[in-house]
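Residue-level listing of the chains:
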Amino acid sequence: MSAVRKSSMVTGSGRKIKDNAADWHNLMKRWDKLNDEGFDVATNIVNLRRSQSDHLLLENSSSSSSSSSAQQVGGVSELEDECFKLQEVINKMVAVVTKMEHLMKLQQGIEDLEEFQFKGEGRKAPLFHTWNTKQFGAVSRVLFDSFSEELKLKQTILQELAHTSSSDLCMVYLSSWLHQPFIPTHTRLTLEALLLETGHRPL
Amino acid sequence: MSRLAVSTLHDVLRKSFASLESSQKLWISVLAECSLLMVSLGNLAEQWRALCGVRISNTPLRGFPDLENRLRSKLLEATDTVLVKLNEKMFSLQSIRDSISNQVSAVLQLYEQNADSLDLLAVTERSTTTPSVADMLEWLQDAERHYRVQFLRRKTLLQTLRADDLQFLESAPKRWKSLDSPGAQEQITDTLCKVSFFLESR
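If you're matching them up, the sequences are chains A and B in order.
Just so you know, we're using my numbering here: the first sequence kicks off at 1 and counts up by one.
Just so you know, we're using my numbering here: the second sequence kicks off at 1 and counts up by one.
Here chain B stands alone, though its shape is the one from the complex:
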């Protein structure tokens, strides 16, 4: 009874870790794209700040009377474009988060369905190529929590940004960077390493 349940769980666990591997790659690449957009945002904030620090009528640009308004318009437009792109990236991160969450809840559901036929030995038993069911469930839950928290924090930050709010725009790149969690990211990479033999075995 136990062996069958473990075998069924193993199949689903393999699918989940395979999904985790591709999700992690996608997550990292989307975050890299966000970093570039944050650099653009920082540049635009610098330009806003410089424009605020200059009185056009005291400069050689005084011959262009409506220059300031026109430049503000352009900066607003450019900032808006970056914010829209960042929001699009959020959708990508959200769908990665949802995919992991769905996988993990499917695994947990299966575990619960089979809990009666799984004794302590079955869930803690491990070999050189196969980690224990308990460990694998824990690693998946840790990964799911990481993506869930990361998404929430980044989404919250983006919601504070508006194209016409210079203070928040200026601090955005730094605040975004501070959300990086290299430790947790490394842990996921580590997990995938630990399950690599398990994934290859059948």
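Just chain A, same shape as in the assembly:
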């Protein structure tokens, strides 16, 4: 490895890109944890809704008593608590995606600097193994777009979940939360490729 390339990994653009890659990895881990947490809460919401509507059915078919209406109130406040918890999970996910946007912008800054430094001709040798600098930007954009869209989906689920009476639609909401349709499986591979390229993973 040339002395020039070695030093670019320790300082300057190479260092920044390497740190960004580590940040992407940490952010995606945090997202995964929040996704699991959110799924548990969302499942609770659906179950509470279901038992509430079962309760209502029972009440309508028999005479109501004070104990059953007290149960009803308890059920409503439990549901509100779970919805609040889910909102908190979403808030944390918003923070994660905001940081992802920041990483994407940092990468853009590195590209702009290189454009200026090398007067549009680009570097003669890649910063790491094979990728040119533009490829890091492309990866950041793809990752950010995936997670943004997924976040929008989760925000919609948060708004609708506690008000949905159709059990099929509730199941589709839970399914969508769990399986994250806007984060395709190859996104994980993209991250692995980024970590390999920047030397976080051994070749």
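In case anyone wonders, no lab produced these hints; they're calculated from the structure.
A hint or two may mislead.
With a straight-line Cα cutoff of 20 Å, these simulated SDA-like cross-link-like pairs (lysine to any residue) come out [as the list claims (entries may be wrong)]: (1) A:Lys-152 - B:Gly-63; (2) A:Lys-152 - B:Pro-60; (3) A:Lys-152 - B:Asn-58; (4) B:Lys-85 - B:Phe-151; (5) B:Lys-89 - B:Ser-40; (6) B:Lys-85 - B:Gln-159; (7) A:Lys-152 - B:Thr-59; (8) A:Lys-152 - B:Asp-66; (9) A:Lys-119 - A:Ser-13; (10) A:Lys-134 - A:Thr-187; (11) A:Lys-152 - B:Phe-64; (12) B:Lys-25 - B:Asp-190; (13) A:Lys-152 - B:Ser-57; (14) B:Lys-15 - B:Phe-197; (15) A:Lys-152 - B:Phe-197; (16) A:Lys-124 - A:Arg-15; (17) A:Lys-152 - B:Ile-56; (18) A:Lys-152 - B:Pro-65; (19) B:Lys-85 - A:Thr-185; (20) A:Lys-18 - A:Gln-135; (21) B:Lys-89 - B:Gly-42; (22) A:Lys-152 - B:Ser-92; (23) A:Lys-152 - B:Arg-70; (24) A:Lys-33 - B:Ala-78; (25) A:Lys-18 - A:Leu-203; (26) B:Lys-85 - A:His-179; (27) A:Lys-152 - B:Arg-72; (28) A:Lys-33 - A:Ile-90; (29) A:Lys-18 - A:Arg-30; (30) B:Lys-194 - B:His-10; (31) A:Lys-152 - B:Arg-62; (32) A:Lys-18 - A:Glu-192; (33) A:Lys-85 - A:Leu-174; (34) B:Lys-89 - B:Val-39.
Partner residues are not named here, just some residues of chain A that face chain B (Cβ under 8 Å, in silico) [unchecked claim]: (35) Leu-153; (36) Gln-155; (37) Glu-160; (38) Ala-162; (39) Asp-168; (40) Leu-169.
A virtual CB, placed ideally from N, CA and C, is assigned to each residue, including glycine.
Given chain A, work out where chain B should sit, using these hints.
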């Protein structure tokens, strides 16, 4: 002559029952893992069914136009993963079946080789600690048949499952459960109990 043949058979029988004991434990644990995978399959089938029952364009999810295809893709992937894991478990069950089959055929081969020197009394003689050779051979054959049939039935069921066939996926957990044979399983446990003194004696 007879005593020597019986003694040789006893040695091999002891090995077979020891092998049966460890095979049974392994079989039960692999089946337990399969049960968990069947629960996952059932959950995924439920999710498929729900997605079929919803017109996304009539819901608040209409703002995500390619959501349905993407979700289908993900469900297909997840279902495929479970089916692959189930097939891996089948390999484990197959190797347990093969191990028992090999043991039992070795014992039977030995018996046949020594059949001339074994009279009726020798094979039916038993004591408080040692069951008769005839009984022990029968128990081993019963156990071998149980594992052989169980494996075949479960393998056949799995072969009917495809990730994109909702009907078969939905009914799979129930059909899998219906293959359980607690009576036969108990019989094997019973057998191992009956030979426990025999295994300890030398």
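Status of the hints after comparison with the structure:
1. A:Lys-152 - B:Gly-63: Between Lys-152 (chain A) and Gly-63 (chain B) the Cα gap is close to 10 Å, so the pair holds against 20 Å.
2. A:Lys-152 - B:Pro-60: holds, 12 Å
3. A:Lys-152 - B:Asn-58: Holds. Lys-152 (chain A) to Asn-58 (chain B) sits at ~18 Å (cutoff 20 Å).
4. B:Lys-85 - B:Phe-151: holds, 16 Å
5. B:Lys-89 - B:Ser-40: This hinted pair holds, its Cα atoms lying about 15 Å apart.
6. B:Lys-85 - B:Gln-159: Distance of about 13 Å is within 20 Å: holds.
7. A:Lys-152 - B:Thr-59: holds, 15 Å
8. A:Lys-152 - B:Asp-66: At roughly 14 Å apart (the allowed maximum being 20 Å), Asp-66 (chain B) and Lys-152 (chain A) satisfy the hint.
9. A:Lys-119 - A:Ser-13: holds, 16 Å
10. A:Lys-134 - A:Thr-187: holds, 18 Å
11. A:Lys-152 - B:Phe-64: Holds, at about 9 Å.
12. B:Lys-25 - B:Asp-190: holds, 14 Å
13. A:Lys-152 - B:Ser-57: holds, 17 Å
14. B:Lys-15 - B:Phe-197: With a Cα-Cα distance of about 14 Å, the restraint between Lys-15 (chain B) and Phe-197 (chain B) holds, given a limit of 20 Å.
15. A:Lys-152 - B:Phe-197: Violated. Lys-152 (chain A) to Phe-197 (chain B) sits at ~68 Å, over the 20 Å cutoff.
16. A:Lys-124 - A:Arg-15: holds, 18 Å
17. A:Lys-152 - B:Ile-56: holds, 16 Å
18. A:Lys-152 - B:Pro-65: Given that 20 Å is the threshold and the Cα spacing comes to 13 Å, the pair holds.
19. B:Lys-85 - A:Thr-185: holds, 18 Å
20. A:Lys-18 - A:Gln-135: Given that 20 Å is the threshold and the Cα spacing comes to 13 Å, the pair holds.
21. B:Lys-89 - B:Gly-42: This hinted pair holds, its Cα atoms lying about 17 Å apart.
22. A:Lys-152 - B:Ser-92: Roughly 44 Å between the alpha carbons, so the hint for Lys-152 (chain A) and Ser-92 (chain B) is violated.
23. A:Lys-152 - B:Arg-70: Between Lys-152 (chain A) and Arg-70 (chain B) the Cα gap is close to 15 Å, so the pair holds against 20 Å.
24. A:Lys-33 - B:Ala-78: holds, 19 Å
25. A:Lys-18 - A:Leu-203: holds, 15 Å
26. B:Lys-85 - A:His-179: holds, 19 Å
27. A:Lys-152 - B:Arg-72: holds, 19 Å
28. A:Lys-33 - A:Ile-90: holds, 12 Å
29. A:Lys-18 - A:Arg-30: holds, 19 Å
30. B:Lys-194 - B:His-10: holds, 14 Å
31. A:Lys-152 - B:Arg-62: holds, 12 Å
32. A:Lys-18 - A:Glu-192: Distance of about 13 Å is within 20 Å: holds.
33. A:Lys-85 - A:Leu-174: holds, 16 Å
34. B:Lys-89 - B:Val-39: holds, 15 Å
35. Leu-153: Holds: closest Cβ of chain B sits about 6 Å from Leu-153 (chain A), inside 8 Å.
36. Gln-155: Violated - the Cβ of Gln-155 (chain A) stays beyond 8 Å from chain B, reaching only about 11 Å at its closest.
37. Glu-160: holds, 5 Å
38. Ala-162: violated, 13 Å
39. Asp-168: Check passed: Cβ of Asp-168 (chain A) comes within 4 Å of chain B, closer than 8 Å.
40. Leu-169: Holds, because the Cβ-Cβ distance from Leu-169 (chain A) to chain B comes to roughly 5 Å (cut-off 8 Å).
Of the numbered hints listed earlier, those contradicted by the structure are 15, 22, 36, 38.
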